[in-house]
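Chemist: Given the coordinates of chain A, assemble chain B onto it according to the supplied hints.
Protein chains in written order, with our numbering: chain A, 47 to 161; chain B, 1006 to 1117.
The reader is advised that the hints may include incorrect statements.
Said to hold, decoys possible - DSS-like mimics (lysine-lysine), calculated; alpha carbons at most 27 Å apart, straight line: (1) A:K90 <-> B:K1076; (2) A:K129 <-> A:K114; (3) A:K64 <-> B:K1073; (4) A:K129 <-> B:K1076; (5) B:K1104 <-> A:K90; (6) A:K55 <-> A:K114; (7) B:K1114 <-> A:K90; (8) B:K1104 <-> A:K55; (9) A:K90 <-> B:K1073.
Stated by the list, open to error - To give an idea of the chain A side of the interface with chain B (calculated C-beta under 10 Å), a few residues: (10) V50; (11) Q52; (12) P54; (13) K55; (14) Y68; (15) F79; (16) Y81; (17) N87; (18) E88; (19) F89; (20) K90; (21) S94; (22) F101; (23) S143; (24) G155.
These are computed hints drawn from the structure, not numbers from a lab. Cβ coordinates follow ideal geometry from the N, Cα and C atoms, glycine included.
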Amino acid sequence: GEEVAQTPKHLVRGEGQKAKLYCAPIKGHSYVFWYQQVLKNEFKFLISFQNENVFDETGMPKERFSAKCLPNSPCSLEIQATKLEDSAVYFCASSQSGFSGNTIYFGEGSWLTVV
Amino acid sequence: DQQVKQNSPSLSVQEGRISILNCDYTNSMFDYFLWYKKYPAEGPTFLISISSIKDKNEDGRFTVFLNKSAKHLSLHIVPSQPGDSAVYFCAAAPPGTYKYIFGTGTRLKVLA
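Only chain A is shown next, with the shape it has when bound in the complex:
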């Protein structure tokens, strides 16, 4: 598609439940990125993919967070056993190339509320 498509737009989970978010990158884009926006507008980088391969996962809290980009499927970000502090907007972005000098385009975000 012409834009990064994220689903669901809103998700409410009880503490300890699993949350799974999906992202379809722009057609032709090989790189996918996940960012977390919590409070005060801070964007935190989580993970990036080059096609189905993890490119950079230095921002991922590895205990409960996992992500995948499988061929012919939307990318996903999964949080096992959610905690209150996981409440945030999760943005997916995509780009044609993996290195600085190329623009990344964001989806509209998935708002996760953990209660």
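Modeler: Same frame as chain A, now just chain B:
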């Protein structure tokens, strides 16, 4: 430690005047900078970028200036319009990486 800083959380400007949004960074290795605009409940929208080999890039009403010695960049919007009211983020990345680091944003309000 915040590597990309936007020290003004908000800015109000009269319609038709110039809006100047500022961004400072600490890592001299950053070689590419982006500006995004964000409306409430929407994703960030790309506005304009600049490479470290340039000191200015212009696109319509938007101009970005880069001062490498001061580690400072600014976004100029001329003339400002009410539709420009949004939160503006600057972002930077070191070479060879896509791990863009974002500032905390500046909320621009253009008054009609």
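Chemist: Each hint needs a verdict: does it hold in this structure or not?
Modeler: Checked hints:
1. A:K90 <-> B:K1076: Holds. A:K90 to B:K1076 sits at ~22 Å (cutoff 27 Å).
2. A:K129 <-> A:K114: Holds, because 21 Å separates the two Cα atoms, which is no more than 27 Å.
3. A:K64 <-> B:K1073: It is violated: about 45 Å lies between the C-alpha atoms, which goes past 27 Å.
4. A:K129 <-> B:K1076: 38 Å, violated
5. B:K1104 <-> A:K90: 10 Å, holds
6. A:K55 <-> A:K114: 19 Å, holds
7. B:K1114 <-> A:K90: 25 Å, holds
8. B:K1104 <-> A:K55: 24 Å, holds
9. A:K90 <-> B:K1073: 25 Å, holds
10. V50: Holds - the Cβ of A:V50 comes within 10 Å of chain B, reaching about 7 Å at its closest.
11. Q52: 8 Å, holds
12. P54: 14 Å, violated
13. K55: Where the cut-off is 10 Å and the nearest Cβ of chain B is about 9 Å from A:K55, the hint holds.
14. Y68: Not OK, violated: A:Y68 not within 10 Å of chain B, min 15 Å.
15. F79: 7 Å, holds
16. Y81: Constraint on A:Y81 satisfied, holds at 8 Å.
17. N87: 4 Å, holds
18. E88: 6 Å, holds
19. F89: 4 Å, holds
20. K90: 9 Å, holds
21. S94: 6 Å, holds
22. F101: 7 Å, holds
23. S143: 8 Å, holds
24. G155: 5 Å, holds
The earlier numbered hints that this structure contradicts are 3, 4, 12 and 14.
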